[in-house]
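Participant: Residues per chain, in single letters:
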Amino acid sequence: MQKNVGIVIVSHSPDVAKGAADMVRQMVGAHVPLAWCGGNPAGGLGTSVEAIVKALELAWSDSGIVIMVDMGGAETNSEMAIEMMPEKRRARIVVCNGPIVEGAVMAATESSSGAALDRVRRAAEELYSR
Amino acid sequence: MTSGSMKAGLVPRARSHAVLTHAGGLHARPAIKLTQLAKRFECGVWIALSEHGPWIDAKSIARVMATKTPQMAMLYFVAEGDDAELATSALAQLVESDFADDGNGG
Chain A
1 MQKNVGIVIV
11 SHSPDVAKGA
21 ADMVRQMVGA
31 HVPLAWCGGN
41 PAGGLGTSVE
51 AIVKALELAW
61 SDSGIVIMVD
71 MGGAETNSEM
81 AIEMMPEKRR
91 ARIVVCNGPI
101 VEGAVMAATE
111 SSSGAALDRV
121 RRAAEELYSR
Chain B
131 MTSGSMKAGL
141 VPRARSHAVL
151 THAGGLHARP
161 AIKLTQLAKR
171 FECGVWIALS
181 EHGPWIDAKS
191 IARVMATKTP
201 QMAMLYFVAE
211 GDDAELATSA
221 LAQLVESDFA
231 DDGNGG
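Just so you know, the protein sequences line up as chains A and B, in that order.
Each residue of the first sequence is one higher than the last, beginning at 1 in this note's numbering.
Each residue of the second sequence is one higher than the last, beginning at 131 in this note's numbering.
Derived by calculation from the structure, the hints in this document are not laboratory data.
Don't take each hint at face value.
Within a straight-line C-alpha distance of at most 30 angstroms, the following computed DSS-like cross-link-like pairs (lysine-lysine) qualify [stated by the list, open to error]:
id, chain 1, residue 1, chain 2, residue 2
1, B, Lys-198, B, Lys-169
2, B, Lys-169, A, Lys-3
3, A, Lys-88, A, Lys-3
4, A, Lys-54, B, Lys-198
5, A, Lys-18, B, Lys-198
6, A, Lys-54, A, Lys-18
7, A, Lys-18, A, Lys-3
8, A, Lys-88, A, Lys-54
9, A, Lys-3, A, Lys-54
Chain A on its own, in the form it takes in the complex:
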């Protein structure tokens, strides 16, 4: 069972999502559950609810998950993906309003210290809240 809050990165571009996830792994380390998804089922730019659900399952932590999104559909599809999760997990998944790359790195840094979901979310959103 994972103790640290998980991070899911959702971008329209699989390259952006994977690149951001690589930065988190290399900079913050291996102690944070981490998954990414990007692109639509046809192989183009976009996001897919199904892929986001899969990423949420991969990175699941009982402490919860923060989702970092790039724009538009990434956010609405993430909200739909949350609705498809088991009810008791839904309240522990939050979509963050922060820059996708920096926010993911900062959220993971916070999570790596064992911080709770709300604090991880605040770290992810700090750059937009100043």
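Following the hints, put chain B in place on chain A, whose structure we already have.
Facilitator: What follows is chain B alone, placed relative to chain A:
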């Protein structure tokens, strides 16, 4: 301990300082390591580029990165709490060791 909330005459429990020799200064990776180490301690820990502050929360990755500390700057640490001395010496050691890996995957 923002300068606004720091009471006049308060002497922090522990302090330390170290020269930042790291090439490129306190960029993302060393800033993350510094923050991760600061968070291991219960006490409050603050960082500054001058011994008179302004003091920045060393547990906030966004704020530590925003200092944009250049190479060869002196970094000052203060801490307040039971493990304050451990925290300030560990942080100075991290900077002096040029952010050597601690084997913790960080």
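Participant: The structure should be examined with respect to each hint, and the outcome stated for every one.
Facilitator: Evaluation of the provided hints:
1. B:Lys-198 / B:Lys-169: 20 angstroms, holds
2. B:Lys-169 / A:Lys-3: Holds: Lys-169 (chain B) and Lys-3 (chain A) sit about 16 angstroms apart, inside 30 angstroms.
3. A:Lys-88 / A:Lys-3: 17 angstroms, holds
4. A:Lys-54 / B:Lys-198: 38 angstroms, violated
5. A:Lys-18 / B:Lys-198: 27 angstroms, holds
6. A:Lys-54 / A:Lys-18: 15 angstroms, holds
7. A:Lys-18 / A:Lys-3: Answer holds: Lys-18 (chain A) to Lys-3 (chain A) is near 23 angstroms, not above 30 angstroms.
8. A:Lys-88 / A:Lys-54: 17 angstroms, holds
9. A:Lys-3 / A:Lys-54: Holds, at about 19 angstroms.
When held up to the earlier numbered hints, the structure conflicts with hint 4 and nothing else.
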